[in-house]
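Novice: Chain by chain, the residues:
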Amino acid sequence: MSHTPFVCTSPADEKAMLHAVDAESFDDLFSHIPAEFQTDQFGLSAGLSEMEMMQHLRKIARKNSSDLTNFCGAGFYDHFIPAAVDSLTSRGEFFTAYTPYQPEAAQGTLQAAYEYQTAIARLTGMEVSNASLYDGGTALFEGMMMALRITRRNCVLVDTGVSPIYRTMLRSYTRNLKIDYKEIPLSGGIADRDAFAQHLDDSIGAVLLQNPNFFGCIDDLTGLIEQIHRVKAVAVVSTYPVSLGLLKTPGEMGADIVTGEGQSLGMPLSFGGPYLGFMATRKKLVRNMPGRIVGATQDTQGRRGYVLTLQAREQHIRREKAASNICTNMQLCALRSIVYLSLLGKHGFADVARQCMDRAGYAWTRLKAIDGVEPLFDRPFFNEFALKLPKDASEVVSDLIEEGIAAGFPAGRYYVGMENVLLFAFTEKRTKKEIDILAARLESVL
Amino acid sequence: MSHTPFVCTSPADEKAMLHAVDAESFDDLFSHIPAEFQTDQFGLSAGLSEMEMMQHLRKIARKNSSDLTNFCGAGFYDHFIPAAVDSLTSRGEFFTAYTPYQPEAAQGTLQAAYEYQTAIARLTGMEVSNASLYDGGTALFEGMMMALRITRRNCVLVDTGVSPIYRTMLRSYTRNLKIDYKEIPLSGGIADRDAFAQHLDDSIGAVLLQNPNFFGCIDDLTGLIEQIHRVKAVAVVSTYPVSLGLLKTPGEMGADIVTGEGQSLGMPLSFGGPYLGFMATRKKLVRNMPGRIVGATQDTQGRRGYVLTLQAREQHIRREKAASNICTNMQLCALRSIVYLSLLGKHGFADVARQCMDRAGYAWTRLKAIDGVEPLFDRPFFNEFALKLPKDASEVVSDLIEEGIAAGFPAGRYYVGMENVLLFAFTEKRTKKEIDILAARLESVL
Amino acid sequence: MKLIFEKSSPGRGGVRIPEDRISPEEVIPAELLRSEPAELPEVSESEVVRHYTRLSRLNFSVDTHFYPLGSCTMKHNPRACEKAASVPELCETHPLWPQLRHGGLLTQGSLQILYSLERILSEITGLAEFTLQPMAGSHGELTAVMMMAAYHRDRGNKKTHIIIPDSAHGTNPASAALGGYSVVTVPSDENGVMDLEKFKEAVNEETAGVMLTLPNTLGVFNPQIRELIDAVHAVDGLMYYDGANFNAIMGRIKPGDLGFDLCHLNLHKSFSTPHGGGGPGTGPVGVCEKLRPFLPISRVAKTKDGTYTLDYDHPKSIGYIAPFYGNFSILVRAYAYLLMLGREGLRGTSNRAVLNANYLLEKLRGSYAAVSESRCMHECVFSGKSLGEGIHTLDLAKALLDRGVHAPTIYFPLNVPEAIMIEPTETETKETLDEFVTMMEEIMELSKTDPDALHAAPVTTPVGRLDEVAAAKNMDLTYTGDQND
Amino acid sequence: MKLIFEKSSPGRGGVRIPEDRISPEEVIPAELLRSEPAELPEVSESEVVRHYTRLSRLNFSVDTHFYPLGSCTMKHNPRACEKAASVPELCETHPLWPQLRHGGLLTQGSLQILYSLERILSEITGLAEFTLQPMAGSHGELTAVMMMAAYHRDRGNKKTHIIIPDSAHGTNPASAALGGYSVVTVPSDENGVMDLEKFKEAVNEETAGVMLTLPNTLGVFNPQIRELIDAVHAVDGLMYYDGANFNAIMGRIKPGDLGFDLCHLNLHKSFSTPHGGGGPGTGPVGVCEKLRPFLPISRVAKTKDGTYTLDYDHPKSIGYIAPFYGNFSILVRAYAYLLMLGREGLRGTSNRAVLNANYLLEKLRGSYAAVSESRCMHECVFSGKSLGEGIHTLDLAKALLDRGVHAPTIYFPLNVPEAIMIEPTETETKETLDEFVTMMEEIMELSKTDPDALHAAPVTTPVGRLDEVAAAKNMDLTYTGDQND
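Residue numbers (my numbering), protein chains in the order written: chain X, 1 to 446; chain Z, 447 to 892; chain C, 893 to 1377; chain G, 1378 to 1862.
The reader is advised that the hints may include incorrect statements.
[To be verified] Derived lysine-lysine pairs resembling DSS-like cross-links, with alpha carbons at most 30 angstroms apart:
#	chain 1	residue 1	chain 2	residue 2
1	Z	Lys505	X	Lys433
2	X	Lys63	G	Lys1460
3	G	Lys1807	C	Lys894
4	C	Lys1196	X	Lys433
5	C	Lys1182	Z	Lys624
6	G	Lys1535	X	Lys321
7	Z	Lys730	Z	Lys767
8	X	Lys59	G	Lys1681
9	G	Lys1535	X	Lys284
10	X	Lys59	Z	Lys875
11	X	Lys15	C	Lys894
12	X	Lys63	G	Lys1384
13	Z	Lys767	C	Lys1090
14	Z	Lys875	X	Lys63
15	X	Lys59	Z	Lys509
16	G	Lys1384	C	Lys975
17	C	Lys1340	C	Lys1277
18	X	Lys232	X	Lys182
19	X	Lys368	X	Lys283
20	C	Lys894	G	Lys1460
21	Z	Lys509	X	Lys432
22	Z	Lys767	Z	Lys729
23	Z	Lys505	C	Lys1196
24	Z	Lys767	C	Lys1092
25	X	Lys283	G	Lys1384
26	G	Lys1460	X	Lys178
27	Z	Lys505	X	Lys429
28	X	Lys429	C	Lys975
Simulated from the structure, these hints should not be mistaken for laboratory data.
Just need the whole structure built from these sequences, with the hints factored in.
Specialist: Spelled out as structure tokens, the structure:
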């Protein structure tokens, strides 16, 4: 048997085919490439059978901890995923297809993308959505770039309530571009209206906000966005989609561009990906939006169908003048999220949001009652909040890991002076009992 | 939201539909059933959400041991199953379809069954196969009944090399039937030719044999089957399909009916099921075969297609005169096995068989070298063999379980006087290293 | 489509097997080896994947089509149940482990699931104890008949026959026969239920028992059931409840309460385990208190310390009827389903199953002749006699296929001419039912205006009507096109 | 087909959520809540399953159809890789755990996989180190350009442009621009490779680097590559290898050996991770020794005691370009695939990829105009100019759909008129290729004898040709049919 798995030709086939192309051997096919460019020195092991590979991988995987009770969120959450999500999205017709360049042969992918766009628009309270981007961080960067294209300005203001993980990325991406990037510190847990007022002038192209913000605080950004609009700047709001099951939407607040991380809509945490960046905007801004967009149209017989549309924005046509260099979306992840949202439905999705909120609310009361623990900010929150502990938060986390609890994310990793601050997150998966245990253990290590 | 998951009607739908059938309420629909027949006393818990159910089930499942190195076989083996088996057979079009009563709408199921029949016939060296039965034990019972129908006799001889698990079932099933059932003890690890010669006369309808037999011994049954045929009795041979990757087939030995347990062809052990009974026979006997059979034919345009055929044998037509009461097959398991056999292919399947054999061969040498251990029979074996230990085999097993090894199956559970005999089984999944550890640990507890 | 064997090409390989690294001293003598390897396909993984993916697409299925196949309860299979059954610790457990000494501790999870499911089934049916061993409904029937026989033997009763209504599934008489009994068939009256007079005539001291579907295959709940049961019990006969139609009454009626002594349940019907293209099914059997001693071994028991164990010590048991504990992974699915349904969900399910059937009955009454004027249970039966001249129920069935709906069960029950048996189940929407009604009306119309269009059906399926007579005559049961013989 | 939103009916429920059993004291003020719940569908699980199952069946895919989409490497996705990626311990790990103190111990398995995959990719490409963070090929390009910029900044180089051949994918210039560079385009010569003279004219002290696909998009391996690289290095420019076509040379040529300084690999092409209908892709980037300091953080490192850790201490790093460590579960698939391919499998794969393409090239040469007289690499490019009067490559594409084959890439590369770019990959059989040739010949014939038949194509797909102009004009991008506005 061949040493190359997965190939489909038999030795006899190969002989016939080599003959047909007038070659003696495989090497012949590469004879136009100078020999000194070729090598057979590869320091790799021999191929494993499927069985050996799985045994090897299972052994490695077992080195991960698997029994931890997790309260660590920081923008990435451990939600329940109904079984039907995997079952449907693992159909070969979905996952072994590619970009719908031939729409007649890809209506499954295209219609699902159109449905996804509809759901994202409705969740965010916006008019249109693209078919998805890589992740929440690059989506925010793309949102910022879109705002600068719209305004033809190059100054950006960023609230520090925006995830520091994303702000780090923004700083990487803007390094080589002629962009004036400024961060505005939070005030009392929310965007500092006064500071923004000071900085907002007609040089500002984009203002980047986040709700709920990194500390879990929720805020009505309506007034701030009005301020932003007064200088004709574009308000970009990053959001956590599960919160939109209940919270006032960025659309209702007047946002121009909404982005976010869609991981919570049916993607497992999977050590960081693949996730899903989403982006929604107003209809009038759509031609400035990056990424694939699916539109409904008709075929020659008047039947409804779907196509990739507004491609004139994209790199394969515009090349260096394109709205973005992005040439794929995260279609399989977008599919997961529309299947997830359909399974939960209008009420189920709101229920999930309520449960996250209620669990966080209960934990808030339990945890801040512990001696020496106090709220960092006393503001409404959704499913996550920050507490100031009487000792170093990293140490507390380290102690509780020993007890099988990932207690939260230490804010000090990103915010100077917050060494004692711990960020606790809650989803529908965490039970009252688990929260009680967290409270008890936390008390015991403080 | 409704307390009934999975239903598809909204309250408004239900109101409209109740109105349409002139009912006020659901209870109205049952009003023709006397009230005293109805109850609402059900000592059950409230329904769980999918998430709670999965959490509950995972918790229970964790009470099973999962890290055992398994040498326990006794007819049911821990083979590797390629990932594509699950992936393909979990397609909704396969697992949510039913019996192909409408062949035009079930060519997928039917063609796969025809392919399965072809593969089973080729494996066993027979001419035809049915589309599967429940399991190896009931298949053997059905084979015996088929033999008695063919011969119109009612005496059965059974070699005690036939799995005692199956013989126990045979005794249950024949209890109420006018069948004279007799077991013939093994001699030197194989069927006792002399004893059979003594008992074979024209009262005997069926002779039941197994190869490899329960002790793993392999034998050429050709001569014995000739003897059986001399009295016009029918030879039914139960077999282990993986062994047929290498061993002389029952067909080559002259068997009339071949049955067996198909679990090893792509079914996980799953604590006992679902498994797969297979049955193959000579073409001339096919009208006496129980179970579904798929045949190739043509449609009105001459296109090849497949249908359930020879249904005149079956219960839905013949009722109490049917060949069997069976009205289903194990189609999804049969599908798994044809997918498994296709993935491995002609050479891969023979390779698996060779590896099982080689591992057993290596272990044989290693284990019988241990002080005090001796072969029960010194006969060729395939992937399983029996050793006599210097102490109670059940105790040895119990000791080794503590060390994470399921060392084998104690023959004493079924065979009087074999308290010290342990049956060791090997598949391609067991490594040399694991066998060496088994040998070392076994030595240490003896 | 080509067969996988026709795609084979010598030297192509599929899934790779580990290189063999053990060469034993012992080798098997050549005369014990097969002369040629079995001619299995030589194909690559990608060919296998494409082949079976394409094959699957030739099927109708619940996931893709409305499938109102009467008497089969083709309801939606929740994906959570599939996931539950695939939990690795449940799939990788050898069935003989609990039979090893101290081995029970290795499989406490699996044993607990079996025990818990048995308890739930007992509670739902009002019966004392269940065996989960039977591997299909008909296997459950046979198991029940074997227990009947064991009971009568134990009591010294001389019993020779089992009474079965003419509307019963063919498995009932076949199982009775395989249990060693002769069968006495009782005809149905004009309401589709067993004729009480004729039934009473049939019952006598030699009656081992009665096998009854309730509601029966016409979807009718026999109102005289108590009287019937009393008559059987009076001669120490046993009443057997065939659970084929349990989806109609679950959460509302317990067969045990009515006086049934035994009962099987089709987990692939009422409890939504997948039908799998024809199996695996699973048919657990429950019994009343007096029949407990006769249940198959092994039985799962809970000990005082809360652990679960296998119990073999039942001398009156009929013995093993399966190698182990039934189709375990199917049982896990049913357990998962029942946990999700819960108390209210059971009745909520049968309520909707019955509503949907009655809705169809009412909507179709205008165009098709219903077999009964009264309401139905979870399925409704019509006769195709009112179809146009020369058009049969079979034509209707094929016309439905062309419209993307699986045909109902046809020509069953046997006592209804041109029978059409429709079971919508509770997992279909009103919209789907309404579309189905429109289709059925259109076909009725067409049967009168353009019968040839119906004779030609199906035309949208991968193949048209197949020659079943030729199939039975030619007996082409395995592929031989690649062989020289 | 209806949209899932069109199947919604008020009050229908999907997957049930646990009853809420916690009522907190804190509640969110009403003014912070949305005025109306989002209008998501109200449908049951069975409707969702049937809807998306049916939708899936409207797609062509590798699992169901030959998919010779040039430049996309639509090879078979081994099922073992999917299984590997679904191992629960790998799916349930929070990406921030290793950033907690002592948290690295919680994710040793995941970190080991990342580390091992990086090492394998380095070995295959001959480059010093890899980052796995980029979430698509174009994201890898951008990451590479950012590293180029960081390198030049560190060296004090004044660089303004990146040189790109005209046959390049559009992502190359777009990525260069997003990295802050202008783009200098160099035309191809008659052999389809960059014109060496024009190239040398373009290279100067302001050249930051060159982005090159090798073999290029015409499937041609540039024989003057070494000369080209030397010219760039002479001005301290950097050579970037676009790995889009790596499937042609893997196991035979290491870009690092040729002198490339950076390289991205499309795991969804060469290493067979699924294309997912348009993503997720993954585009790891490798660099030579001198560029190591500029790699994105965090980096996975192996400590002396054999444990794996995250390393952030790289002051010259371009920083984070992804939130974490890349598309982890895609990386697992690629790792699984590479473990199974192994040493010999790598070359065995590219051998067959190139053979299959050359076979098609040879067989189709007779009927279609090949862009080159020589052999090709893993894909072959033709012009549709010889199709009959008024028939375009687009018509050919649609005609192939009608015959159950996905169209090749068309109208790319841009420098070939009516381009037809065919990449069969190594996971197709000779039979499939032969059938494809027959189809192509038949379509060529038809283009001359019955052009209208081709204009009408496709007719067997769920919809016919769609009005793309109307789509762009009407901008119907979300469903609003259920809303009053």
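Novice: Given the hinted pair Lys875 of chain Z and Lys63 of chain X, is their Cα-Cα distance within 30 angstroms?
Specialist: Cα-Cα ~22 angstroms, so holds.
Novice: If you draw a straight line from the CA of Lys1460 of chain G to the CA of Lys178 of chain X, is it 30 angstroms or shorter?
Specialist: violated (45 angstroms)
Novice: Holds or violated: are the alpha carbons of Lys59 of chain X and Lys509 of chain Z at most 30 angstroms from each other?
Specialist: holds (21 angstroms)
Novice: Under the criterion that the straight-line Cα-Cα distance not exceed 30 angstroms, is the pair Lys505 of chain Z, Lys433 of chain X satisfied?
Specialist: holds (16 angstroms)
Novice: Does Lys1277 of chain C sit within 30 angstroms of Lys1340 of chain C, going by the straight-line distance between their CA atoms?
Specialist: holds (12 angstroms)
Novice: What's the verdict on Lys15 of chain X and Lys894 of chain C, does the C-alpha distance respect the 30 angstroms limit or exceed it?
Specialist: holds (25 angstroms)
Novice: Within a Cα-Cα threshold of 30 angstroms, do Lys509 of chain Z and Lys432 of chain X meet the stated pairing?
Specialist: With a Cα-Cα distance of about 24 angstroms, the restraint between Lys509 of chain Z and Lys432 of chain X holds, given a limit of 30 angstroms.
Novice: Tell me if the straight-line CA distance from Lys505 of chain Z to Lys1196 of chain C falls inside 30 angstroms.
Specialist: Holds - the C-alpha atoms of Lys1196 of chain C and Lys505 of chain Z are around 21 angstroms apart, at most 30 angstroms.
Novice: Next pair to validate is Lys1182 of chain C with Lys624 of chain Z; report whether the Cα-Cα distance is within 30 angstroms.
Specialist: holds (27 angstroms)
Novice: Starting from Lys63 of chain X, check that the Cα of Lys1384 of chain G is at most 30 angstroms away, please.
Specialist: violated (45 angstroms)
Novice: Does Lys182 of chain X sit within 30 angstroms of Lys232 of chain X, going by the straight-line distance between their CA atoms?
Specialist: Satisfied, since the Cα-Cα distance of roughly 18 angstroms is no more than 30 angstroms.
Novice: Just to be careful, I want the Cα atoms of Lys1807 of chain G and Lys894 of chain C compared with a cutoff of 30 angstroms; is the pair within it?
Specialist: holds (16 angstroms)
The structure is inconsistent with the numbered hints 9, 12, 19, 26, although it conforms to all the rest.
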